[in-house]
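> What follows is the residue order along each chain.
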Amino acid sequence: MADGLDAAREWLQAMLLIRRFEERAGAMYAKNKVGGFLHLAIGEEATIVGAVRAMRDDDYLISTYRSHGHAIARGTDPKRVMAELFGKATGVSGGRGGSMHMFDGERRFMGGYGIVGGNLPLAAGIALSSDYRETDEVTVCVFGDGAANQGTFGETLNLAALWKLPVVFMVTNNQFGMGTALERHTAQTDLHKRGEGFGVPGLRCDGMDVGDTYEVMSEAIERARTDRTPILVEAVTYRFAGHSMADPEEYREKDEVKEWREQHDPIKNFAAKLEDVDLDALDEEIGTRIDAAVEFAEESDFPTPESMQDHLYA
Amino acid sequence: MPELRYREALNQALREEMERDDRVFIIGEDIGVFQGAFKVTQGLLEAFGDQRVRDTPISENTIVGVGVGAAMTGLRPVVELMTVNFSLLALDQIVNHMAAIPYMFNGQVKVPMVVRMPQGAGHQLGPTHSHCLEALYLHVPGILLAVPSTPADAKGLLKAAIRDDNPVVFIEHESLYGAKGEVPEDADHLVDFGQAAIRREGEDVTIVGISRMAITAQQAAETLADEHDIAAEVIDPRTLRPLDLPTILESVRKTNRCVIVEEGWPHGGVGANLAALIQEQAFDYLDAPIQRVTGADLPMPYSKPLEQLAFPHAEQIVERVRSMV
Ligand SMILES: Cc1ncc(C[n+]2csc(CCOP(=O)(O)OP(=O)(O)O)c2C)c(N)n1
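Protein chains in written order, with UniProt numbering: chain F, 1 to 314; chain X, 1 to 325.
Since the hints were made in silico from the structure, they are not lab data. C-beta atoms are modelled at their ideal positions from N, C-alpha and C, and glycine is treated no differently. One should not assume that every hint holds.
[To be verified] The calculated SDA-like cross-link candidates involving lysine to any residue, where the alpha carbons are at most 20 Å apart (straight line), are:
{"hint": "1", "chain 1": "X", "residue 1": "LYS39", "chain 2": "F", "residue 2": "ARG252"}
{"hint": "2", "chain 1": "X", "residue 1": "LYS304", "chain 2": "F", "residue 2": "GLU299"}
{"hint": "3", "chain 1": "X", "residue 1": "LYS304", "chain 2": "F", "residue 2": "GLU306"}
[Said to hold, decoys possible] Label pairs and their in silico Cβ distance ranges:
{"hint": "4", "chain 1": "F", "residue 1": "ASN269", "chain 2": "X", "residue 2": "ASP165", "range": "57 to 65 Å"}
{"hint": "5", "chain 1": "X", "residue 1": "GLN279", "chain 2": "F", "residue 2": "GLU23", "range": "36 to 44 Å"}
{"hint": "6", "chain 1": "F", "residue 1": "THR304", "chain 2": "X", "residue 2": "PRO184", "range": "45 to 53 Å"}
{"hint": "7", "chain 1": "F", "residue 1": "ASP58", "chain 2": "X", "residue 2": "ASP165", "range": "56 to 64 Å"}
{"hint": "8", "chain 1": "X", "residue 1": "PRO184", "chain 2": "F", "residue 2": "GLY199", "range": "56 to 64 Å"}
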């Protein structure tokens, strides 16, 4: 199982890279280097890495406004993600999108979107295109528990089931839509069951466990690929930080957050399962990469005023 | 008079109207436990309980539609949508239902409700969170449209909106929530719809500023007076439907020049409409073409230098006025 162990190490590394990136992004926000809203996914690294590692390179990924981790897991250079946060021309969206609107077409990361629930129909369209072009690509569509209450959720699941589109709807159930807890915004809190009425089968994984997430997502992606059916996967996770950097978090108990951080940290727990991992060494190497990302973002130029109209029309 | 912030003035209006009339309730995403994304609804859950302060799922179209149904049957809902961009998800309920129902059922039913939401650029929120879409709602017959720019107006217009039997789209500006001003304590302080405010008097040019641009226009007018000896008259329409056209026309007939400033897009904008109305009714008084200063014709860029270029600042207004006087 040497192969498996290498993969596990790589997952750990990817999760740690995302964690440290997010922490540094938060620090840069506090220094006013990053503007707008900054939504961090600290605590959700296993959900992100487990899902993305289950994908093939030619599969598509589409995400929400909380998507730095998705871009990085997909292989986008953290430098370009940080530069986007800084609003620089070298950023993944040329500084036009910011934290909420990352995109890396080359890696088939089809974007982060600031409108809650707005990405679901796009995912169905991307999957339709894969079918149309007679490929066996699968689309993974990530969204939050809160987003599952938009009309687009029901409308898209129905259409995807009707047309047998190869798309995996992955609801990242971090148990809050902004300040509203799951049981205060959703009647059926077993979110993976919410596709049943549309004929979309549901699976659930432990989103704090990268291995479990990987396995369940692999199964879902395989079924979507070969059976041509949409699937709904619920990853149960927790967001350790506030909804955004501007969130005072008055809606949840400090002890609850503390317990999740201490008992369910996806990185710490996974590292403990692996033999011979030197977390400190790994951390040092990652720290250097993050330093380089900040330096790159800092030194890059802002988009010029003359470029303002670029790309408005093709 | 006590000084309040714009957000506090709105909060006071909600509080007072809920106290006055128990048919008034508020509904929206994160308005209760979270106390509002912009803290306008702070303390209201505690004061009025969860029957009257209702946190909802993230389902804009349904939230507005629920408001319409409640309003049709005797309640007076105040719906909060977190940002004007998100109201686009509710356009069906706003345009096809809220606005049309009283007319299409021949007046048999009223829809006395308010949909509140903030708009505006300057916070680097990019193209999905930064727009000014008052023109979109101005386009729709059957609704009233308020765009308050001061704390006193925020309070008085919101109270008038809640008491009005028509559906009202009430657009706040994100950059004004922290702005302070004197606000009448009177629980019956109402600002009537269809009454523009003349913020500053002058003879040389009329500047009409929409929403936050009414404030920016005043800054420009100060500079014009101090540095260029130009006396600008600044008008804040406060409500766009009904529009106090007589006050604007009277000013233009006096100054013979007009600049309209809005943060929204130029094409089909509030200024385009207003310019047409002015030239229809006061053409003979104009000594120069009506000018518009607008937001850039673009989805709002995130990057700070570009975003700053994409919405109007006082300097641009000053330049434009100087080019025509
Ligand atoms: C259509 C729309 N409505 C409201 C918002 C404001 N908003 C941004 S994130 C959010 C909560 C979303 O929660 P969830 O989908 O569970 O994702 P999470 O934040 O947990 O990742 C809300 C209400 C928005 N961006 N878009």
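> Now look at each hint and say whether the structure bears it out.
Tested hints:
1. LYS39(X) with ARG252(F): Holds: LYS39(X) and ARG252(F) sit about 17 Å apart, inside 20 Å.
2. LYS304(X) with GLU299(F): holds (16 Å)
3. LYS304(X) with GLU306(F): It holds: about 14 Å lies between the C-alpha atoms, which stays within 20 Å.
4. ASN269(F) with ASP165(X): 57 to 65 Å: holds (59 Å)
5. GLN279(X) with GLU23(F): 36 to 44 Å: Because 58 Å falls outside the window, the suggested range is violated.
6. THR304(F) with PRO184(X): 45 to 53 Å: With Cβ atoms ~48 Å apart, the hint holds.
7. ASP58(F) with ASP165(X): 56 to 64 Å: holds (58 Å)
8. PRO184(X) with GLY199(F): 56 to 64 Å: For GLY199(F) against PRO184(X), whose Cβ atoms are near 59 Å apart, the range 56 to 64 Å holds.
The structure fails hint 5 only (numbered hints given earlier).
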